[in-house]
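The chain contents come next:
2 protein chains.
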Amino acid sequence: MAMATFGQKRATVLRNRFLVIGSCKSVLTSTTKTMKAIIQRVTKASVTVGEEQISSIGRGLCVLLGISVEDTQKDVDYMVRKILNLRLFEDENGRAWSKSVMDREFEILCVSQFTLQCILKGNKPDFHSAMPAELAQPFYNNILENMRSTYKPELIKDGKFGAYMQVHIQNDGPVTIELTSPTGPTDPKQLSKQEKQQQRKEKTRSKGPSELGREKGALRSRQDPNASSGAEGDVSSEREP
Amino acid sequence: MAMATFGQKRATVLRNRFLVIGSCKSVLTSTTKTMKAIIQRVTKASVTVGEEQISSIGRGLCVLLGISVEDTQKDVDYMVRKILNLRLFEDENGRAWSKSVMDREFEILCVSQFTLQCILKGNKPDFHSAMPAELAQPFYNNILENMRSTYKPELIKDGKFGAYMQVHIQNDGPVTIELTSPTGPTDPKQLSKQEKQQQRKEKTRSKGPSELGREKGALRSRQDPNASSGAEGDVSSEREP
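Chains as they are written, first to last, in the UniProt record's numbering: chain A, 1 to 241; chain B, 1 to 241.
Extracted from the complex, chain A is given alone in its bound form (with noise of 0.2 Å):
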């Protein structure tokens, strides 16, 4: 499978960051390739070709991954890591952005969805940052891949790759979040330990009960979909058919 390799897309970052010393805008909306993921969080969501239902998900994530043309094994594990360990569901107890989609063993539906990798010519979008189909297909094939191996095969459904297809999705709360791979530091020994610093300081964090508290409170003083989910009615036998 032909990618990037590790030193193109290291040059790229270079001259990103010397590009930025002008202008900030190109860099964020023209320049950087990285993958993309729009993730919402769904009661329900399913798919369909024409009139045929091809796939169907319960409560879990409804996930549109966009590949650009400079994306590597690296940004696959990122993404695949990040989309099965963030907390978007509620405990047993209620407590919002406290289990993942794994803790919760609820579903996930991906679909490949190019136009996320969109720069805008004034008004009309342009796809060459996207990763070509031919090449785009079998390295989707390796991120469905890499998800089912991690959590359970059966519970990662999958659109048509290129498919026209209809992405029926019952988003739930709403709660929507873009998730983008790193651009750097390209060293991924560095990266690495970053990660594990700040997921060190996460545990450390959630053991302290009252620390906790006052992030609930904090949550729940916000528009926190959850926080009103008693007042508002409880949907979640919705899904059930």
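None of these hints come from the bench; they were simulated from the model. A few of these clues could be false.
Identical chains blur together in the list; that is why a pair holds if it fits in one copy or across any two.
For lysine to any residue, the following SDA-like pairs were computed, each having C-alpha atoms within a straight-line distance of at most 20 Å [unchecked claim]: (1) Lys-82 / Glu-145; (2) Lys-124 / Arg-87; (3) Lys-82 / Pro-125; (4) Lys-121 / Asp-91.
Go by the hints and put chain B onto chain A.
Relative to the frame of chain A, chain B by itself:
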């Protein structure tokens, strides 16, 4: 309405430009705060709160909108203009990416989505970059008003701000675009000049039929969802009840 001033935003952008030299990642994922929209092209979409359907549209766009603590009227103007003018629809001859939601007189369902202003702390989402609800609600209403006055009020539908909702999205294609308000250059004159130049370029290009043919060919050879719409069956009738 209390909003971040132009000066405050400029200071942040300048700080970001400094930081970026040290780490590109911090600018891209943590430090820059801009308005974000996830735009899904839909066959139909609706919002329910509890058992009640409070809003619905046919063909058009479902827009999930995340407002940051630093957003100003300038961000509103940009986002409203882009949402209304983005060419995400085919023309009467089936040519993809040639008509906007306004051109086709389609509908827009807009839903506030603070979770788009997410910063990950390990696997835990943090929403401190989102504008607090008490400021975000009038700010969001102002966005809706801007959209209605620029387009047709009766074609812009809404969710229920801050409520726990189910947003039913029939993503058509799928076609999903992530839109971010520009962070720089901050001189509005310069920005508008750049934009005008880009739009002029685009206009000139669309007048050259050979160029158009080439662009169309390039798109069709990719996984263009509209390219296969004939083979997969026309689902436009699905929007009828």
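Against the structure, the hints:
1. Lys-82 / Glu-145: within (15 Å within a copy, 37 Å between copies)
2. Lys-124 / Arg-87: Intra 35 Å, inter 5 Å, cutoff 20 Å: inter-copy only.
3. Lys-82 / Pro-125: between (28 Å within a copy, 11 Å between copies)
4. Lys-121 / Asp-91: between (44 Å within a copy, 18 Å between copies)
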